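> Put together the whole structure using the sequences plus the hints.
Those sequence lines, one after another, are chains A and B. 1 is the number of the first residue of the first sequence in the working numbering; add one for each residue after it. 1 is the number of the first residue of the second sequence in the working numbering; add one for each residue after it.
Don't read these hints as lab results, they were simulated from the structure. Everything numeric in this text was worked out from a predicted model, so none of it was measured. Mixed in with the good hints there might be a few duds.
Claimed, not checked - Just some of the chain B residues that point at chain A, by a computed CB distance under 8 angstroms:
1. Met-16
2. Val-20
3. Gly-43
4. Tyr-67
Ideal Cβ positions, reconstructed from N, Cα and C, are used throughout, including at glycine.
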Amino acid sequence: MPLELTTTRHNPGIDPLLHAWGWEIPVYLFIGGLVAGLMIIAGVRLLVAKPRERQAMVCCTLGPLVGLALLSLGMLALFMDLSHKLYVWRLYLSFEPTAPMSWGSYILLLVYPALLANALTHLPEAIPSLAKRFPVLLTISDYILARQRMVISIGVSNMLIGVALGVYTGVLISGLPARPLWNTSLLGPLFLFSGLSTAAALLHAILVISMKEEDRPAFADILLTSLARWSQGRGPDTSIAPILTRADNSFLTIELGLLMLFLIGLVTSTEVNAQAAALLLTGAYAAPFWVLVIGIGIITPLILQFLELQNRIRHTLAPAVLVLVGGLALRFILVFAGQESHWLRVVAGP
Amino acid sequence: MRYVMVIDTKRCVGCMDCVVACKTENNVPEGYNRDWITEEVRGKNPTLQMEIRSERCNHCDRPPCVYCCPTGASHIHEGGVVLVTHEKCIGCKACIAACPYDARFVHPEGYIDKCTFCIHRVEQGLKPACVSVCPTHCMHFGDLEDPQSEVARLLSSRAHHSLLPQTGCQPHVFYLT
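So this is what it looks like as structure tokens:
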């Protein structure tokens, strides 16, 4: 039955379509997922690294250091979004168990020391000049690496806090029942795996940029080598760039699968959810979603990395850059389209 | 005690006195509204149906705005009234995104603002400003848990509905039909 609603309300940021959150929140969610991925990879790498293993420095030190800087930028974006900025300290005067943002504010407090501890383990190898100027860094590194329990604690805590941070960035918006596009717990794992793929891409980029051509252990250093060594007792193999490329492909494939499940779940759910999914499938956000997120952010890097694995094309930075662009676009599109999805779009009743 | 508002859509003419009274009573800034008028037209000519409603925060029993507030600024006051403590609000806007009625907005001073059921008047024994000025007497306010109250009697004797009950928020502004 046709229905027409006319309202006298026109509150800024609310009408005609909700646009309370601007660019700050998508950027914060993107960086949060990226840092979560860096923490998980750093944690895994630390657990399997030999003390003073040069290859470990990219994941265990450069990654966390970049993560610390990025997270600060993300926190700045979050702060810029607040409309009552002088009261931000109120976040830490209470804990609200039903509020994802309250959980997040405390998780973020744990992220900094965990990342810093991981970075300190191999800092002298990563930045020798800094270690020469501040010998205490070498002392700290030696102290940590000489204690296996401490190494395991740092590695495991980075993995666990990383998972919590990655999932939190999804739960932050999936916990808002008024926006049908976000009403799925799949957003937690989706943002986690998107964060892992962007983190792997960023580490790849750091690796390529930071090392001389002849020293590059290739992308292989990062995750699957470590996992393989950890689980099967195999030694490190510096010539297995293809394995880490496969790791990135695995993250991208899982992310693609989760995105498909996310859309299928919405389309087959209630009418409000189906209409929310239509925003991405055929609506105003369909073109950027399919082109930027699926095409440029997932499918193209998957194909490029597949061809790299087949030795048909050269290894380049292109897939890493595309993955990062896709991850950022995913957050922007989901946050903006989600705000437009609404219960009132459905005509209820006879 | 459970405060509710009951609005008779058979009497409401959409004059917006309630809107003006609210803005005056609560110093609502220009360009913003804590309450507003919605005209809903259903059907096809010649069997059109129209309902005029004075809408505002529904002071839900299961308020998602309260559940997602990271500082406890949004809270449930005595009588089930959902309020925002301005000095605790950081302006994260999660509550705005959580409200299916889009009843909240960012006040120019930064905190999140919304209808309070004029709790400052109610606690003095007065009715909310919107209710007190309604020229058609279509708006009613009172304690639902008191079976002798006007709102309880109206809801037990008249057909009524609430807005978007399918969201599960359990809204507490009712519309007599």
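> None of the hints should be skipped; say for each whether it holds.
Now for the hints, and whether the structure bears them out:
no.	hint	result
1	Met-16	holds, 7 angstroms
2	Val-20	violated, 11 angstroms
3	Gly-43	holds, 6 angstroms
4	Tyr-67	holds, 4 angstroms
Hint 2 alone, counting from the list given before, is not met by this structure.
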